[in-house]
Amino acid sequence: LLTLFSTLIGVLPAQVMGVAVNEITGFGETRISNQPPEKLPGSDVRDTQSPSRGFSDNIPIAPYITRAARYVSANWLRTADPRLATAYVLAGSFLLLFIISQLIAVSRGFIMAHLGQSLIFDMRSHVYAHLQKLSLKYFEDRQTGDVMSRVVNDVNSLERVIVDPVLGLLTDIFSLAWILYFCLNWDWVLTLISLVAVPLLIVVTYFFGGILRRNFRKLRQVIGDLNALLQDNLSGIRVIKGFAREEYEQGRFDDKSRETYKLNVKLAKLFLTFRPLIELLNQIGTIVVLFYGSIKVFRGEMTPGVFIMFFQYLPRLYGPLTGLTRFYNHLQQALASSERVFEVLDTEPDIKDSPNAVELPRIAGNIQFRDVYFSYDGKTEVLSDINLQSEPGQMIAFVGPSGAGKTTLTNLIPRFYDPTQGEIFIDGHNLKDIKSKSLRKQIGIVLQEPFLFNDTIKNNIAYGKIGATDEEIIAAAKAANAHEFIMEFSEKYETLVGERGVKLSGGQKQRISIARAILADPRILILDEATSSVDSETEILIQKA
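Each residue of the sequence shown is one higher than the one before, counting from 241 in this note's numbering.
Be careful, since some hints might not be right.
DEER-style ranges, computed between Cβ atoms [what the hints assert, rightly or not]:
(1) Pro589 x Ile636: 27 to 37 Å
(2) Arg454 x Pro589: 29 to 39 Å
(3) Gly491 x Lys718: 18 to 28 Å
(4) Asn504 x Glu769: 40 to 50 Å
(5) Pro589 x Asn670: 41 to 51 Å
(6) Ile636 x Leu359: 49 to 59 Å
(7) Phe531 x Val392: 45 to 55 Å
(8) Lys506 x Arg485: 43 to 53 Å
(9) Thr500 x Ala417: 18 to 28 Å
(10) Leu628 x Leu687: 14 to 24 Å
(11) Gly491 x Val598: 49 to 59 Å
(12) Ile636 x Arg454: 52 to 62 Å
Hint data in this document are derived by calculation from the structure and do not stem from the laboratory. Owing to the predicted nature of the structure, the values given are computational and were not obtained by experimental measurement. Note that CB positions come from ideal geometry on N, CA and C, so glycine has one too.
Full structure from sequences and hints, please.
Quick look at the structure:
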């Protein structure tokens with residue numbers, strides 16, 4: 241509604257200018273010139289056939305200005321000369337329209353800023369929520385940096401190319417509607433002549449739009465690859481420095497960055513070629529209107545005010561048309577980004593609850609594998625004909641060489657993967673018949689490579705039980721033989737561990753991970769080679785924990 245009203249306000253100043261020109265040249269309601277009404281200046285056309293006879297029929301705002309001028313003349317200026325009053329009204333009209341248009345623009349800007357940010361917040365939150373539902377296989381098959389780029393960069397790109405352009409699209413459509421309405425009423429022939437270049441405009445826009453979309457798609461993919469490379473380099477900075485591979489990685493980064501440079505330059509060239517073509521097509525229409533309109537004025541078939549007003553509307557007529565072409569090009573960029581975003585949203589989780597899945601009640605801990613087979617790629621079997629059963633309270637060890645499938649087997653228990661054949665039961669419940677979240681809430685896991693968040697020791701332990709008290713956290717740390725080394729830090733439990741726990745040793749990270757699992761008080765505890773990367777003394781402490 242604001243845009244509709246704003247665009248109407250936007251087309252009125254040209255009408256005010258038309259009134260002013262007609263008043264100055266003697267074609268107005270107040271007849272500033274002393275030319276007798278029988279003839280129009282410089283014309284043999286009689287007044288009875290002239291646009292000046294019924295000037296309000298030519299410019300819709302004219303009668304309102306005339307009434308206002310009469311009121312101002314009678315009540316404020318106390319003068320019989322309407323010309324001075326008309327001048328005041330014309331100037332006041334310009335000022336009033338400007339103030340109203342600015343107030344509307346500010347209000348509309350605030351609303352669109354709120355709506356735009358709400359849209360992006362909802363979109364990013366929706367994408368992140370969907371990522372949380374995807375199975376581990378999705379993340380194993382993709383680069384972390386590329387996934388991050390989709391959630392952050394591509395969603396941000398959608399804001400830049402959708403929110404503002406959509407507002408511009410509404411403005412362009414309403415402006416075009418108002419201007420065509422007025423222009424067709426004034427002179428439908430001249431209006432159609434002014435649109436002579438529109439078919440070419442559509443063809444050029446469609447042609448460039450396809451090229452732009454293909455290149456925007458490539459650019460978004462390259463930016464995703466660049467983010468993935470950067471994320472890998474920053475995560476592996478110790479390895480890079482340890483092998484003195486700084487120059488090698490710099491070369492890889494520059495090569496990928498150079499791809500974005502080339503694509504951006506190509507897009508810039510396309511835009512620089514597209515815009516002059518659009519302007520050329522606009523100028524063709526302007527030249528035709530100038531020629532044809534001038535002839536009509538010379539013949540007395542159009543007043544100078546209407547001609548000037550029509551000529552002022554040409555940029556407002558071509559502007560929305562050009563704006564629609566810009567929107568189409570922005571749309572190509574949005575489609576390139578949205579393809580990457582919706583590729584995430586359209587991905588179905590490999591592991592998802594069945595429609596009839598039920599909550600898993602508190603379990604005792606009985607685990608049973610029945611004829612379980614598993615393959616990651618559908619070709620090579622990692623597990624074959626596994627049958628086992630563990631009772632509550634038992635400590636079970638899986639022993640075998642590296643690559644034998646020990647980690648894979650334990651990953652099937654919390655249903656990170658589903659067996660390719662066979663079934664797994666916990667307390668008699670088939671894992672496929674229960675809700676995964678209710679299952680995982682009763683399982684604690686300590687990974688072979690412990691992961692700590694870039695937060696304090698306290699918060700990393702408390703991750704096992706959100707809202708845990710300090711006493712519970714300390715008790716869990718003591719049970720994991722972690723309390724002693726934690727107290728040696730100056731900040732104690734408030735010590736920041738750094739990204740992935742980089743500020744701690746392997747054994748310290750492992751014991752904090754165990755404390756986190758202990759705090760969760762799980763019914764089933766899975767330790768995936770929890771002592772594989774620590775010294776013998778630390779191993780003893782972990783085993784005691």
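Output the indices of the hints that this structure fails to meet, ascending. As far as the earlier hints go, 3, 5, 8, 9 are violated by this structure, in ascending order.
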